[in-house]
Amino acid sequence: MTDAISYNNVHNLFKLNGFHLNRNDLCRVAYSFIKEGEEFEKAFGDFILDWFDAKPYLEMNTSGTTGTPKVIRIEKQAMVNSAIATGDFFDLKPGDKALHCLPTKYIAGKMMFVRSFILGLDIDFVAPSSHPLLDNNCKYDFVAMVPLQAQNSLSELENVKKVIIGGAKVNNVLEKALSKLKTKVYETYGMTETITHIAAKQVGAEAFSVLPNVKIAMDDRNCLVIDAPKISKGSIVTNDLVALIGENQFVFLGRMDNIINSGGIKLIPEKIEAKLSHKIHARFFVAGLQDIDLGEKLALIIEGEEQVLEDTIFEGLDKYEKPKEIFYVAKFTETENGKIKRKEIVEGI
Numbered sequence: 001m002t003d004a005i006s007y008n009n010v011h012n013l014f015k016l017n018g019f020h021l022n023r024n025d026l027c028r029v030a031y032s033f034i035k036e037g038e039e040f041e042k043a044f045g046d047f048i049l050d051w052f053d054a055k056p057y058l059e060m061n062t063s064g065t066t067g068t069p070k071v072i073r074i075e076k077q078a079m080v081n082s083a084i085a086t087g088d089f090f091d092l093k094p095g096d097k098a099l100h101c102l103p104t105k106y107i108a109g110k111m112m113f114v115r116s117f118i119l120g121l122d123i124d125f126v127a128p129s130s131h132p133l134l135d136n137n138c139k140y141d142f143v144a145m146v147p148l149q150a151q152n153s154l155s156e157l158e159n160v161k162k163v164i165i166g167g168a169k170v171n172n173v174l175e176k177a178l179s180k181l182k183t184k185v186y187e188t189y190g191m192t193e194t195i196t197h198i199a200a201k202q203v204g205a206e207a208f209s210v211l212p213n214v215k216i217a218m219d220d221r222n223c224l225v226i227d228a229p230k231i232s233k234g235s236i237v238t239n240d241l242v243a244l245i246g247e248n249q250f251v252f253l254g255r256m257d258n259i260i261n262s263g264g265i266k267l268i269p270e271k272i273e274a275k276l277s278h279k280i281h282a283r284f285f286v287a288g289l290q291d292i293d294l295g296e297k298l299a300l301i302i303e304g305e306e307q308v309l310e311d312t313i314f315e316g317l318d319k320y321e322k323p324k325e326i327f328y329v330a331k332f333t334e335t336e337n338g339k340i341k342r343k344e345i346v347e348g349i
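According to full-length UniProt numbering, the stretch in the sequence shown is residues 1 to 349, in order.
What the hints contain is simulated information worked out from the structure, not anything from laboratory work. One should not assume that every hint holds.
Calculated cross-link-like contacts (lysine to any residue; reagent style SDA-like; alpha-carbon spacing at most 25 Å) [to be verified]:
(1) K322 x E336
(2) K105 x L49
(3) K322 x I236
Derived CB-CB ranges, DEER-like [claimed, not checked]:
(4) R73 x N8: 50 to 60 Å
(5) P56 x D291: 46 to 56 Å
(6) S277 x K233: 36 to 46 Å
(7) E344 x G18: 39 to 49 Å
Heads up, the beta-carbon is just placed ideally off N, CA and C, and yes, glycines get one too.
Make a model of the complete structure from these sequences and hints.
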């Protein structure tokens, strides 16, 4: 099926903000946006003109998830294949109503458009904001968000059938709130190199399931290795520690980069954070701080004003998982996607 659909195709049921548009129409709208549109519309215009030019690829900046940020080339046909895999996994059909509320300059925003004109979605394109569904009573079949947008849209998500959340991890507080909704909400796993997500799980589930035509394995570090020949020519080796469940599922354990070596004991911050997530109601994370005796000592960093913590919050932690120090930071710095900038925050302590 994927071989028959070219990146030059625009599905005849595709709509943008209520209007049927073909390839020529899209290019005209793109020129108009670049000339007199708002910033988010200009980004759309640039993407559309790049998409329909003579080159079979796009150049994009990686986030640095799998190493140092760099510019990579992604084949347009691979993006089409990714869009079709998403459509199959989430059962998207031509004519389904979707909302685009992500920045188009990033891969997730670009892919929402590719899914739309390849799969024939009826898409509403709005400015990226932290409250994308505010004053919007439309009913949607499919919406992609970052966690902050989902957090701010809890009361409006009843108008959405399926939501995918990516860009940053869904914390336990948000996960609990989302699990109470009738809406089907999925957390996704992916990066620029994998053309957004290659796996997803419903909120509340432990394991991610891979999309069609994706194979997974572990390297000798117990980190995830991804083989997705329809979207990437070679294997993608990540720094994500995982546990494999069968051939098509994995549990994310934490980032290799975040591991703390405290007195020879290797600690996974994400594992400790999961144990504390129901006991600390502010945003927080644990990190390793330089220590003469231990090499690194475990520290708990909490967002907000200093508070008195009861000793019972550390019950259930192993001996070495109990923080040696607690710090408070008025406001965490974060990326546009809502990822906490751990290293930057720790350096400021």
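Pairwise hint evaluation, I236 against K322, where the allowed Cα distance is 25 Å at most:
34 Å, violated
Quick one, are K322 and E336 close enough, alpha carbons at most 25 Å?
31 Å, violated
A range of 50 to 60 Å was offered for this pair. Does it hold for the Cβ distance of R73 and N8?
Given range 50 to 60 Å: violated, Cβ gap about 18 Å.
Quick check on a hinted range of 46 to 56 Å for P56 and D291, using CB atoms only.
For D291 against P56, whose Cβ atoms are near 52 Å apart, the range 46 to 56 Å holds.
Is K105 close enough to L49, meaning Cα to Cα at most 25 Å?
Since the Cα atoms of K105 and L49 sit roughly 13 Å apart, the hinted pair holds (cutoff 25 Å).
Taking the CB of E344 and the CB of G18, does the distance hold inside 39 to 49 Å?
Holds - the Cβ-Cβ distance for E344 and G18, about 42 Å, lies within 39 to 49 Å.
Is it true that the C-beta distance of S277 to K233 lies inside 36 to 46 Å, as the hint says?
38 Å, holds
Comparing the model with each numbered hint stated earlier shows that hints 1, 3 and 4 do not hold.
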